[in-house]
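Q: Sequence:
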Amino acid sequence: MILRQFLHSDPVAISYFAGCGTHAAAAVVDPIGDIDPYLRVAEEAGTRIRYVVDTHLHADHISAGRALAEAAGADYVLFADAPVTYPFHGARDGDVPEHAIHTLAAALDLPPLEAAIGTLSIGQKRRVALARALLGKADVLALDEPTNHLDADTVAFLEERLESWPGALLLVTHDRYFLDRVATRIVEIDRGALYAHDGDYSTFLLKQAERLAQEVKSEHERAMFVRREIEWIRRRPPARTTKAKARV
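Under the numbering used here, think of the first position of the sequence shown as 1, with each following residue one higher.
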């Protein structure tokens, strides 16, 4: 996992790749300013900075990436210039076989592995990111619109892969057919309330319809009750006005 500092509020952004041999290895993303804090944190954590990545360069962004990489003996990458294979470095350092990367690359129709990431289309970048996620061993895999830019065969492969995923799977998608085949629990947020439904998307639609029908029925019954009370108030005898006010 790689964590990146947000708005550079924290001068040190170090995280650890899980499963990188017997010793933890760190990646620093978008370092700025003095490199000493990064080196000090790595030393205190008893780890080695192995990768330094610049994801972008802004006009006000003075990168310390190259200097930090040189001082730490780490690999430096300006992500836009990195080859497609770069996101898989963490997997290679762990126990993921090389052939698994190539198998997944073929199944997801990745661009040539020597291509620079900065030259890829949005769809190709999404495929590369999806491939890297599927090679990991996260306890929770979160995917945002995973079927975007995928053809039918690739979506079918993704469905099979996710059905055997050992951990929890969190999906955000508008693809109803994909959701129907993959999801086992759907969470709905409606008018500030949260409803959890076990089952696939078809089951969710049925349960949602039942809930909404019950709400309509309850609202109708409430409206009828209010109407009866209003009618009673209009008809009540004047002599019982004081005694009957407790009913309203």
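It is possible that part of the hints are untrue.
Quick list of in silico lysine to any residue cross-link-like pairs, SDA-like style, CA-CA up to 20 Å [said to hold, decoys possible]:
| id | residue 1 | residue 2 |
| --- | --- | --- |
| 1 | Lys137 | Asp190 |
| 2 | Lys125 | Asp139 |
| 3 | Lys137 | His102 |
| 4 | Lys125 | Val187 |
| 5 | Lys137 | Thr103 |
| 6 | Lys137 | Ala107 |
| 7 | Lys125 | Pro112 |
| 8 | Lys217 | Arg235 |
| 9 | Lys125 | Ala71 |
| 10 | Lys207 | Tyr195 |
| 11 | Lys207 | Ser218 |
| 12 | Lys207 | Phe225 |
| 13 | Lys125 | Leu171 |
| 14 | Lys207 | Glu229 |
| 15 | Lys137 | Pro112 |
| 16 | Lys125 | Leu141 |
| 17 | Lys217 | Asp190 |
| 18 | Lys125 | Phe157 |
| 19 | Lys125 | Asp151 |
| 20 | Lys125 | Asp81 |
| 21 | Lys207 | Arg227 |
| 22 | Lys217 | Arg234 |
| 23 | Lys207 | Ala223 |
Treat the hints as calculated values from the structure; they're not laboratory data.
Q: Does each hint hold? Answer for all of them.
A: A quick look at each hint next to the structure:
Distance check on the hinted pair: Lys137 and Asp190 sit about 33 Å apart at the alpha-carbon level, beyond 20 Å; violated. Proximity of Lys125 to Asp139 is assessed by CA-CA distance (about 24 Å); at most 20 Å being required, the pair is judged violated. For the hint linking Lys137 to His102, the alpha-carbon distance of about 17 Å falls within 20 Å, and the restraint holds. The hinted pair formed by Lys125 and Val187 fails the criterion: a straight-line CA distance of about 29 Å is larger than 20 Å.
Proximity of Lys137 to Thr103 is assessed by CA-CA distance (about 17 Å); at most 20 Å being required, the pair is judged to hold. Proposed proximity of Lys137 and Ala107 is supported: the alpha carbons are some 19 Å apart, at most 20 Å. Our distance criterion of 20 Å between C-alpha atoms is met by Lys125 and Pro112, whose separation comes to about 12 Å. Between Lys217 and Arg235 the CA atoms are separated by roughly 27 Å; this puts the pair beyond 20 Å, and the hint is violated.
Of the pairs offered as hints, the one joining Lys125 and Ala71 is violated, with about 31 Å between alpha carbons and a cut-off of 20 Å exceeded. For a cut-off of 20 Å, the pair hint linking Lys207 to Tyr195 stands: about 10 Å separates their Cα positions. The straight-line distance between the Cα atoms of Lys207 and Ser218 is roughly 16 Å, inside the 20 Å bound, and the hint therefore holds. As the CA atoms of Lys207 and Phe225 are separated by approximately 27 Å, the hinted pair breaks the 20 Å bound.
Only pairs whose Cα atoms come within 20 Å are accepted, and Lys125 paired with Leu171 is accepted, the gap being roughly 19 Å. For the hint linking Lys207 to Glu229, the alpha-carbon distance of about 33 Å lies beyond 20 Å, and the restraint is violated. A distance of roughly 25 Å separates the Cα atoms of Lys137 and Pro112; the hinted pair therefore is violated under the 20 Å criterion. Proximity of Lys125 to Leu141 is assessed by CA-CA distance (about 18 Å); at most 20 Å being required, the pair is judged to hold.
At most 20 Å may separate the alpha-carbon atoms for a hinted pair to count; Lys217 and Asp190 meet this at roughly 18 Å. Straight-line distance between C-alpha atoms of Lys125 and Phe157 comes to about 18 Å, which keeps the hinted pair within the 20 Å bound. Restraint check: the Cα-Cα separation between Lys125 and Asp151 comes to about 15 Å, which is no more than 20 Å; the hinted pair holds. Proposed proximity of Lys125 and Asp81 is supported: the alpha carbons are some 13 Å apart, at most 20 Å.
Of the pairs offered as hints, the one joining Lys207 and Arg227 is violated, with about 30 Å between alpha carbons and a cut-off of 20 Å exceeded. A distance of roughly 26 Å separates the Cα atoms of Lys217 and Arg234; the hinted pair therefore is violated under the 20 Å criterion. With a CA separation close to 24 Å, the supplied pair Lys207 and Ala223 exceeds the 20 Å bound.
Hints 1, 2, 4, 8, 9, 12, 14, 15, 21, 22, 23, counting from the list given before, are not met by this structure.
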